[in-house]
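Asks: Protein chains in written order, with the working numbering: chain A, 341 to 1294; chain B, 197 to 674.
I should point out that these hints are in silico values taken from the structure, not numbers from a laboratory. C-beta atoms are modelled at their ideal positions from N, C-alpha and C, and glycine is treated no differently. Be aware that one or more of the hints could be misleading.
Straight-line Cα separation of at most 25 Å, BS3-like style, residue types lysine-lysine; simulated pairs [claimed, not checked]:
id : chain 1 : residue 1 : chain 2 : residue 2
1  : B       : K288      : A       : K1236
2  : B       : K559      : A       : K1270
3  : A       : K1268     : B       : K442
If the Cβ cut is set under 10 Å, some of the chain B residues that face chain A in the computed set are [to be verified]:
id : residue
4  : V375
5  : N376
6  : V429
7  : I462
8  : T616
Listing some non-contacts, in silico: residues in chain B with all C-beta distances to chain A over 10 Å [claimed, not checked]:
id : residue
9  : R414
10 : R426
11 : E432
12 : A449
13 : Y465
14 : N496
15 : D538
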Amino acid sequence: MKQPQLNLPALFLLLFCLTASTAGAQQTDVSFSAQIRPLLARRCFACHGPDKAEAGLRLHTPETATAKLESGHAALVPGNPADSELLKRIASSEDGVRMPPEGAALTENEQQLLRDWIAQGAVWKQHWSFEPLTRPPVPAAVADNRPAENMHPIDAFIDASLARKNLRRSPRAPSQVLLRRLYYDLIGLPPTPQQVSDFLNRAATNFDNAWRQEIDTLLASPQYGERWARHWLDVVRFAETNSFERDGIKPNAWRFRDYVIRSFNDDKPYDQFLREQLAGDELPAVTRDSLVATGFYRLGIWDDEPADRKLAMYEGFDDILTTVSQGMLGLTLNCARCHDHKIDPLPTADYYSTLAFFRNITPNGYGPHVERPLLANDSDRAAFAAAEKDIRESGDRLQARLTELETQLQKQIAEVSSAAASGRDLDDLEYRFYRDSFQQLPDFDSLKPETVAALDPPLISIAPATRPDHFGFVFTGTLIVPADGQYEFVLDSDDGSRLLIDGQKLIEYDGIHGLGGAKRASLKLTQGRHPLRLEYFQGLFGKGLQLAWSGPGFARRSLTAEDGSSGRDLNEFLRSPAAEQLDQTLVRDYRQTRRQLEENKRRKPWEEYGLCISESGTSAPDTFILTRGSPEAEADKVQPAFPGILGGGAPEIASNAAANTTGRRLAFATWITDPQHRLTSRVFVNRIWQHHFGRGIVRSPNNFGQMGEPPTHPELLDWLASEFVARGWRMKDLHRLILTSASWQQTTVADPQTIEIDPNNDLFSRFDLRRQSAEELRDSVLTVNGTLNPKMYGPGIYPAISREVLAGQSVPGSGWGQSSPEDQARRSIYIHVKRSLLLPFLSSFDFPEPDTSCEARFVTTQPGQALSLLNGEFLNQQASTFAERLRKEAPDDVTKQMQLAFRLALCREIRGEEIERGQQLLQTLQQKHKLTADQALQWYCLYVLNLNEFIFVE
Amino acid sequence: MATNFCGRTRREMLWQTGGGFGAAALTGLLSDDGFFSAAAQAADGAALPQPHFTPKAKSVIFLFMYGGPSHIDTFDYKPDMKGRDNQTIQVKTFGRGGRRNSGRIVEPRWDFHQLGQCGKWISTLFPHLATCVDDIAFINSMTADSPIHGSAMLMMNSGRVQSGHPCLGSWVNYGLGSVNRNLPGFVVMLDPTGGPISGAKNWSSGYMPASLQGTTFRTQGAPVLDLQARDGVSRELQRDLLDALKQQNEAHAALHGGRSDLTSRIASYELAFQMQQSAPEAVDIATETAETQQLYGLDNDRTRDFGTKCLLARRLVERGVRFIQVYSGGAHNDDNWDAHSDLKKNHDYHAFNTDQPIAALLKDLKQRNLLDETLVVWGGEFGRQPTAEYAEGTGRDHNSYGFTMWMAGGGIRGGVSVGTTDELGSAAVDDPFHVKRLHATVLHQLGIDPNRLSYFHSGLDQKLVGVEHVEPIRQIIG
C-alpha cells in the first residue's frame, strides 16, 4: 500500500509535538516499559522477538538485543546511538534496508524516543505490571502547597500529573449536575425531582456532608448492585444460553446474575467474591451463594454437537482460561495456547500448567454434574438426604402395594380371560438415541441425544433406531423387584453394552463383538424400585441387545422386547370392556396407588438447583502441553503451576473428598487472592476507576501486558490497589474514596488551553461526558414515566421483540418467552440473555456480544439508534405513558407539564426559552399538523426522551 | 474535541465504527470539523479504512445455499458413478450421522452436459445458469472444518467453528467502510421460511461494534427495522420534530464546547431522516422494467421471492452497499438444501427456485457493466456425501471433506474450474481449498490483503483468515 505523503499542516503538527516532547524529555527519562517496550513489541517482535529471530536478532532481552550480529553490527549499543544499527535501519527510506519492511515507517517521534532511550543507556526494566505491588507515597499538594495529609489523596496524584503540564484541575461541577452524575454512576437511574431538591437544599448549607450522605444512601440502595453487577457480568461473558445450532438454555444461569447483584449490595470483599466463583464448592464453608458462584465456569459458549470432540473440550478450557486470565489478571494467557506468547513472557507451558488447575472439571452439558441442588450446610444436606430417602422409600412402599394389587388383578384377569399375563418388571422406561459412530461406549451424558422418548410397554428395545448402523442407546428406568433376594442378570449384545443397577456398574460388555458371549452377574436386591440403566452402541454389521433376569420365585424373564416374551399390558386390559368383570374396589385401589406412585416420582428432593461446577473425582487426568494447540499432539506432561512471570511455583493442593474435587481450583483461588498478588488488585481497582471515570487508568482493562495500554497514572493505580487491599478488598470503600475526590467532581467543560494541552484527557483535567449505556437508557425511560418495576431477582424477563426480528431465527420465536407488562417494565439487567437473540434495543446501544469477555463497551453513534428512538415501538409506547403521567400530575397546564418533564428527565428546572421552544413545538403540532393537545404532548415527550441532554450524563 | 470512549481513543473508535451503518457519513462530518485530517496526521497510516491495493471488486453478493447443496449433483461431474447405484463401497465419510467407513452409492440423479466455451460439465438442475458458465470460476475442491450445520455455518460466515467472531460482511465493512451513508454496508436477506440455524450469529459482528453487524433487509414493507415513521405520521411532522430537537440539542452542544460526540448524535438524526426516504427507494422494484422483472422470474410464483432478492441485490450494489448476503433456504430440514431423505425432490425444488434468478443476476450485472466490480459467490456451508444416509432412499448426509463453490465477476476469471475431488466426490484430492482460501480471495478482490486486515482483540491481532498466512486462490483470479 502506498502511504499518504506527509502534507504541510501535518508536518507543522509533528514539529509542534516534537518541540513539546523534547521539552518534556529534559525532565523525565524515556520510560522503557511505557514507551519503548510497547513500541518494540508492536513493530519489531513479529520478526525479532521471542518467537522469531530473523537475521539472528531478538529484541526482547537486553542480551540478545545488544549482541553482535552476523553482519558484525549490533542493533543496540547502549549510550551510543550513532553505532546502533537499529536506528539507521528505522530511519532509512531504502527498500530492503528500512525496518520494519512492511507497514508504515516509524514516526519521527518514535525514532526520537528510541534514540533518546539508547542515549540514556538503553536500560531494560521488567514490564510495570509484573513488578511487585508497592504503595507509593501520596504526592504533596502542588496547587496551593498544602501538605499531603490535608489533600484528598486521589486529587494529590491527579494534581501532580497536571502540574507537570502546568495545568490545574477543572472546577467542581454544579451540585445538580453532580447529583445526576452520581445517580447514574452508582445506580444507573436518574434522581427524582424530590431527591434533587432535597439534595440541593442540604448541599447549599454543607456540600460535603450532603454529598457523603448521598453517596451512602445510594451505596445502601439495592439498585446499586443492579447497576454494578452488570459491569462484572460483561467481564465474565454472562449469558443464559449456549450459542450454536440449538442455543439451548443454561438452567438456572439467572441465579448467577442474582448472586453478583447480591454480592455487590452486600459489599462482599473482592477476594471472597473471586474465591467463591473459582472454588465456591471447595471452600471450608460452602454456602448456596458460593455454589451458585461457580456457575462462572458454565457461562461460556458450548457446542453440544461438535465436529471434533476433543478439540471442543479444549475450547471449553480455553474459554475458562481466557476469562480467568483476562478478567481477573489482565493477562492474555490465551495467546500462549499454540505457541509462546509473542509479546509477554508467557511460555506455552504456562498456559497448560494453568489449565491443569481446571483439568478435572466436568464439561458443560445437562444433568446433575451441571445442575446441582443448592445445599448450604449440614442441615440442608441432611434434609436433602432425608427427602431423597423418603421419595425412594415411598416409591418402594407404593410399588410393593402395586405389585400386590397387580397380582390380585392378574389372577382375576386370568379367571375372566384365558390370556396369559405377566407382571411388569420395568417402569418409567425411557430411551435416548444417539446417531454417531463409536468404537466403544462413550460418555453418553456429554453427548446430545437425537431422540429422547418413553418406551411403552416398558421393555428395552433398539427398534426406535432411525438408522441401521452407527448409533447408541441409553435406556433408563426403574426395575421392580418383587421380593428381597438374590437376582441374576444375563446381558448379551452386538456391539458393546453396559448394565448399571442402582447407579453401580453390574455388567460391562464393551467393545465391538457379536452376539453369543452373554455375560452374567448377580446381586442382592431389596424388594422395591431400583434405578436401572443400560447403555448400548451399534457399529456396523449385525446388531442385537438382550437382557434378562431371574430371581426368587421366577426363572429367566426377558427385559428386552426382542425375544417376544412381552406380557399383556395390564392397563390395556383395564381400559377394555372386559374390565367390568373385575372387582371394582380392587381396580380403584390399583389406579389410586398407580397415581400415587406417579406423583411420588415427580417429587423433587430439593426446591432450588443451581448452575454449578463439579469435578469428576479427587484426582485429575494428566495435562499435557499440546503442540501448536492441537489435542492430537500431546507433548510434555505438566503439573498445575502458576505463571513464571508472576512468581511461578508449585501450589499446595489438597484434594477434597467432601466436594469430590482435586482441590486444585481452591489452590488457584488462594493464589489469585493473595494480598501480595501483582495483578489481581491492580486489575480490579482499574475496573472500578473505569466505571467511575469512563476509562481505566489502564485503558485496556483486560490487558495489563505489554500490548496493553500503559497506565496514565501508574502511581495512583498502585496506591489505589494497595489501599483497596489494605481496607479489606471492599468495593464500597473504594467508591466513597473516588466519589469524594475533587477529581471526580470536575466539570465536563474545561478551558480551551487545557483542552489543547490535554486533548485526550490523559491527565483527568476534566470529567468526560458520556452517553448512557443501553441498560441505563432503557431503565431511565421507564423511571421517567414512572413505570419502572423495582422487583428484584429471579428468572429472566422477555421484553417483546418484533416479528421481523424473530423471523431471523430458524424457528421464529423459539427460546423467547412472554412476560407480563409489569415484568417487561423491570430493570434491563433482568432481561434474559439469549446469545443468538439479543434484544435489538440493547444491541443498538452497544450491549456487548456475550461470547467473550467484554472489557469496555463500544459507544457508537449511528442513525439506527435515532430510528429506534423515533420510530421504535418501545420508545413510542413509553412516550405515551410519560405524557399520561404529565397530564395526571400537572393537569391542564402545559407549562407545568413541560416543567415536570424537564425535572423528571433532565433533573433540572426548565429555562424560559425552553418553555417557549416547547410551546412553539406544541403549537406547530396542533395547528399545522392538526393533532389534539394530548397527541401533541406525546410528541413532546418523545422529543424530551430524544434530547442529547437526556441521553448523555454530564 | 471529544476524547476517550470506554478506554479507547477517539481515533480507534472511529476506525472501529468506520464501516457501520451511516458511519461513512459521520466520518465525513468529522472531517469537516477537522478531526479526521488531524487523525490522519497523527495516525500510523493504517487508521483510515483504505484498500491495501487497487481493488477489482467494490461489492460482494454472497448467494448462500443454506443446508449444503450436493456438489456431485450440480457442478462436480462424476461419470464413473453412473450405473453404480446401490453398490456398497468402502469410503470414509463424516456427517451428522457420525463417521462411517462404507456406504451405499447414490448415483447422481441428474444428467450432466458440457456447456459454454469452457466446456464445463454441469447438471440439468441449472438450465439458466448453464448459459453463464463462461463467466464463472468453479472451485471443486472446497473443504471445511465441520460437517454439522451450526458450526459449519459459523465457519462459512466467520471463518471459525466457534461463535463470537465477526462475519465476512463485517470484516469487509471494517476494512473498507461504507460508501453510501443512507444504507447499511452489510445487508442480509433471509428465506421466507425463516433464518438459518443459529439465526443472528450468522451476521454477527462478534467482538467488533454492533454497527458492523449485518442488517436484515425485508423485501416487503419497510426494509429496515424501525425505518418507517409510525402510522399516520407525515414527513413534515417528523421534520418539525427533528428541527425542534436539533435546536435544543445544538444549544446544549454549544454549552459543552461543541464536543463531537454530541454533534455526531445531532447529525445521526439527519441521516436517519434521509434514510427514511432513500432506503425505501432502494427497494422499490416497481421502477424496474417489465423485461427486467421477467428476467429475474418475478412473474413466476416459484422464482418471485429469490428473484426479487437478486434484483434487490443488484440495486443495492448500484447504491454502494459493500456486502449483500442472500439466503436460499431457511429453517430446518427440506426448507433448505439439507437433503437427508429425498435428494431428487429437495434439489429439484431449491434449484428451480434459484436458477433463473441467479442467471438473471449475472446477466443483468454484466449488461450494466457491473459484473466486473461485483463479486458473486455461490455455495452452502458444505456439500453432500456420495453415499446414502439411510438404508432406503436417496438422501445424502453432510460432507465437509470436499464440495463445490463458485465465484463470478469482481476480477474472477470466467470459465475455469480448479481443484478436484476423488472419483466419488467424497473428498478433495487435488488442490484442496479450505474456506479460509475462499475468504482470502474475497478480501483480495476487494483490495484488502487478507493477511494484513486485522483487529486487535483478546491480546491478538485477529484476522478473518487466522494467524497462519493464507493465500487467495490465485488460479481463479483474472
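Asks: So which of the earlier hints does this model not fit?
Replies: The structure breaks hints 1, 2, 4, 5, 8, 9, 10, 11, 12 and 13; every other hint is satisfied.
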